[in-house]
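**Student:** Spelled out, the chains give:
Number of protein chains: 2
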Amino acid sequence: MKIDIIGKGKVGTCLNDAFSSAGADLRLVNSRTFEGIRPEADLVLIAVSDQAIHEVSKRLMESQTYAGKKPVVAHVSGTTPLEVLEDWGRRGVFYPLQTFSKESEIDFRQVALLAEWNCSEAESTLRNACDILDAHFSMIDGEQRKAVHLAAVFCCNFLNEMIASAYSIMEENGLPEKILTPLIETTIAKALALGPEKVRTGPASRGDLMTISRQMDALKDKKGLRDVYESVTGLILEKTKNG
Amino acid sequence: MKIDIIGKGKVGTCLNDAFSSAGADLRLVNSRTFEGIRPEADLVLIAVSDQAIHEVSKRLMESQTYAGKKPVVAHVSGTTPLEVLEDWGRRGVFYPLQTFSKESEIDFRQVALLAEWNCSEAESTLRNACDILDAHFSMIDGEQRKAVHLAAVFCCNFLNEMIASAYSIMEENGLPEKILTPLIETTIAKALALGPEKVRTGPASRGDLMTISRQMDALKDKKGLRDVYESVTGLILEKTKNG
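If you're matching them up, the sequences are chains A and B in order. So the number in our numbering is just where the residue sits in the first sequence, counting from 1, plus 2. So the number in our numbering is just where the residue sits in the second sequence, counting from 1, plus 2.
By construction, these hints were calculated from the structure, which means they are not laboratory data. A couple of the hints might just be wrong.
Pairs count within a copy or across copies, as identical chains cannot be separated in the list.
Claimed, not checked - Taking lysine-lysine pairs in the DSSO-like style, the calculated list, with each CA pair at most 27 Å apart, reads:
no., residue 1, residue 2
1, 4, 71
2, 241, 148
3, 241, 224
4, 60, 222
5, 225, 12
6, 60, 180
7, 71, 180
8, 180, 10
9, 60, 192
10, 243, 4
11, 12, 60
12, 12, 200
13, 148, 243
14, 192, 4
15, 71, 241
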């Protein structure tokens with residue numbers, strides 16, 4: 003199977019590395035020039051920013067790259083509907099649930115590939131691509147994909163921000179960030195093993211309003227952090243019925 | 003060195019297990035009855051809730067357990083000042099920076115023990131206790147300890163809540179939580195290896211206000227989660243100057 007990946011950003015680069023390592027017949031293509039794109043490709047993965055998917059798809063169609071049978075065209079976005087590719091007869095979504103950066107290689111054997119398609123040919127093409135990566139294939143519709151993306155914002159982007167916030171407090175007080183590492187690692191290990199609802203600790207989980215009030219006070223000049231402290235504490239108090 | 007631990011809660015139990023494993027001369031004592039407490043103890047660790055430390059300390063003093071030389075008395079709290087133990091001539095704080103639960107044993111070799119004391123004898127006693135556990139000993143004053151505790155709330159309690167929030171979104175949409183595991187593990191690994199400021203991803207970090215607005219809308223009937231989404235997004239927008 004010939005796969006062309008359009009877009010040399012973080013996701014495109016990581017997909018390229020993973021397909022290459024797996025020995026796939028692959029091209030990584032610039033999203034502006036389409037240089038090197040193959041008319042005989044079986045699958046084209048559009049790996050550009052959400053806002054650019056439709057425009058790239060349209061330009062690709064207008065480029066008349068495909069004289070004969072058109073490829074299956076899929077995007078890799080968590081938030082963009084399948085319909086944005088409606089110009090293509092066989093289309094799909096191929097969304098790898100993972101956080102990407104150019105520095106670090108992803109082990110796709112641990113990644114859930116959330117896929118959607120409009121026909122059985124698109125389905126089998128996406129399944130084959132997933133098999134090449136040895137990833138977990140899940141069929142998921144557009145609404146569910148949106149929910150997964152929202153969940154990912156909480157457990158990836160926001161989780162990272164909790165660590166960034168902790169580090170900023172340490173730094174400001176001249177304390178070494180690294181003493182927090184075992185605490186972070188233990189917290190994650192317990193949450194994943196036992197479930198986060200079962201391993202809550204801390205002032206809000208035990209309804210310790212005095213400590214909460216002291217800590218809110220300590221953050222009185224840091225509006226951003228204080229708003230986060232207040233809202234997350236509110237959520238914990240609500241869930242633990244301490245509010 | 004004879005160590006008595008007062009309080010059979012999560013922290014007392016974990017300290018007891020760790021000192022026992024290390025072969026320490028140890029007693030774990032009920033905080034109401036003080037049954038089994040030893041008049042010849044060298045170190046007494048008061049491992050009770052923050053609010054109860056002062057009362058337990060007072061009752062211990064009034065119990066006249068110690069006819070001769072009094073032990074070094076320390077509490078294990080992240081938020082309580084050393085002065086709450088002012089009845090004792092030699093006193094200290096012995097705060098293990100970790101999250102405790104009765105189910106799981108803690109590897110203290112990975113734990114920072116944040117200590118404070120009022121005299122050199124208390125210092126050497128606390129250092130010896132830390133050596134028994136093979137933990138990392140750090141001197142830290144009361145203000146710094148408060149800052150560390152606040153940082154810990156963010157990177158332990160709040161971090162856990164981000165996972166709980168993600169799981170609740172998955173559950174509500176009939177999606178399996180476990181597909182998030184690789185994402186969570188990769189997020190932590192990258193944050194710890196490269197620093198959370200360097201590995202931000204997601205809608206807020208790229209100033210994608212359209213996705214933010216759509217996700218806020220998806221949470222419109224969930225006030226608790228929406229408040230958290232709004233405040234953490236606000237913090238990220240502020241830090242990345244996308245706001």
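**Student:** Name the hints, by number, that the structure is in violation of.
**Tutor:** 4, 5, 6, 7, 8, 9, 10, 14 and 15
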